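Asks: Going down the list, the sequences are from chains A and B.
In this text, residue positions in the first sequence follow the numbering used here: the first is 567, and each later residue adds one.
In this text, residue positions in the second sequence follow the numbering used here: the first is 152, and each later residue adds one.
Just so you know, these hints were derived from the structure itself, not from any lab.
It should be emphasised that the depicted structure is a prediction, and the values quoted were computed from it without experimental measurement.
Treat the hints loosely; a few may be bogus.
Derived DSSO-like pairs: lysine-lysine, alpha-carbon spacing no greater than 27 angstroms straight-line [said to hold, decoys possible]:
| no. | chain 1 | residue 1 | chain 2 | residue 2 |
| --- | --- | --- | --- | --- |
| 1 | A | LYS664 | B | LYS217 |
| 2 | A | LYS620 | A | LYS664 |
| 3 | B | LYS171 | B | LYS206 |
| 4 | A | LYS664 | A | LYS569 |
| 5 | A | LYS569 | A | LYS618 |
| 6 | A | LYS635 | A | LYS620 |
| 7 | B | LYS215 | B | LYS171 |
| 8 | B | LYS215 | B | LYS192 |
| 9 | B | LYS165 | A | LYS664 |
| 10 | A | LYS635 | A | LYS664 |
| 11 | B | LYS217 | B | LYS165 |
| 12 | A | LYS569 | A | LYS620 |
| 13 | A | LYS618 | A | LYS664 |
| 14 | B | LYS215 | A | LYS664 |
| 15 | A | LYS569 | B | LYS165 |
| 16 | B | LYS192 | A | LYS569 |
| 17 | B | LYS192 | B | LYS217 |
| 18 | A | LYS664 | B | LYS171 |
| 19 | A | LYS569 | B | LYS215 |
| 20 | A | LYS635 | A | LYS618 |
| 21 | B | LYS171 | B | LYS192 |
Cβ-Cβ distance ranges computed for the label pairs, FRET-style [unchecked claim]:
| no. | chain 1 | residue 1 | chain 2 | residue 2 | range |
| --- | --- | --- | --- | --- | --- |
| 22 | A | GLN608 | B | LYS171 | 19 to 25 angstroms |
| 23 | A | GLU624 | B | ASP216 | 42 to 48 angstroms |
| 24 | A | SER589 | B | HIS236 | 36 to 42 angstroms |
For each residue, glycine too, the CB sits at the ideal point set by N, CA and C.
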Amino acid sequence: LAKTTQPISMDSYEGQEVNITCSHNNIATNDYITWYQQFPSQGPRFIIQGYKTKVTNEVASLFIPADRKSSTLSLPRVSLSDTAVYYCLVAPFYNTDKLIFGTGTRLQVFP
Amino acid sequence: GAVVSQHPSRVICKSGTSVKIECRSLDFQATTMFWYRQFPKQSLMLMATSNEGSKATYEQGVEKDKFLINHASLTLSTLTVTSAHPEDSSFYICSARSLGTGEGYTFGSGTRLTVV
Numbered sequence: 567l568a569k570t571t572q573p574i575s576m577d578s579y580e581g582q583e584v585n586i587t588c589s590h591n592n593i594a595t596n597d598y599i600t601w602y603q604q605f606p607s608q609g610p611r612f613i614i615q616g617y618k619t620k621v622t623n624e625v626a627s628l629f630i631p632a633d634r635k636s637s638t639l640s641l642p643r644v645s646l647s648d649t650a651v652y653y654c655l656v657a658p659f660y661n662t663d664k665l666i667f668g669t670g671t672r673l674q675v676f677p
Numbered sequence: 152g153a154v155v156s157q158h159p160s161r162v163i164c165k166s167g168t169s170v171k172i173e174c175r176s177l178d179f180q181a182t183t184m185f186w187y188r189q190f191p192k193q194s195l196m197l198m199a200t201s202n203e204g205s206k207a208t209y210e211q212g213v214e215k216d217k218f219l220i221n222h223a224s225l226t227l228s229t230l231t232v233t234s235a236h237p238e239d240s241s242f243y244i245c246s247a248r249s250l251g252t253g254e255g256y257t258f259g260s261g262t263r264l265t266v267v
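Extracted from the complex, chain A is given alone in its bound form (with noise of 0.2 angstroms):
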């Protein structure tokens, strides 16, 4: 399973767009990137999921470089209510494999 690393922590303040990177270097060729949110006391919430160059939805974009060794998740304009953990997390999106979360970074956001 491929391990991934991000930042502990973030900062941000209203309305600023947020980039936060995942390292993963041994990422294998059937794995997906997936990225999910949690709040306190919640369980983790899918936001965005991709394999290469750039997929957005409604509410993030991620961006994936050509060798895959890492992805950016972006949340444009973030507002209080994003103040969360978000974790990166890399698996085979064929396989029902076991999700190893890193530490996930959180990110604070201020007004």
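Please arrange chain B on chain A, whose structure you already have, making use of the hints.
Replies: Frame of chain A, contents of chain B only:
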């Protein structure tokens, strides 16, 4: 999207008693479910993989006789914390995989266990 329902959301029990936590996949079948434990300010730690119709697979260091897992149907897995002690107090989260949604793994809302 796929929904995983976890109950109870909060439970307080006396030391020495047992507590059962249920995890249900509401709109999909899950042959495999996962149980995590999370201490304050820490990441999720995988405890075990629950397989429908067979024995669970426990991660290293997790006592299988203390954390009993039963996956009797394709939509229900249960975790029973036996003879609970204060050090078992934690946030327990289950997860299941729905291949049809394209969202990867879906997590329950978690169970806050407090042993007094």
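Asks: Which hints from the list above does the structure break, by number from lowest to highest?
Replies: 9 and 15
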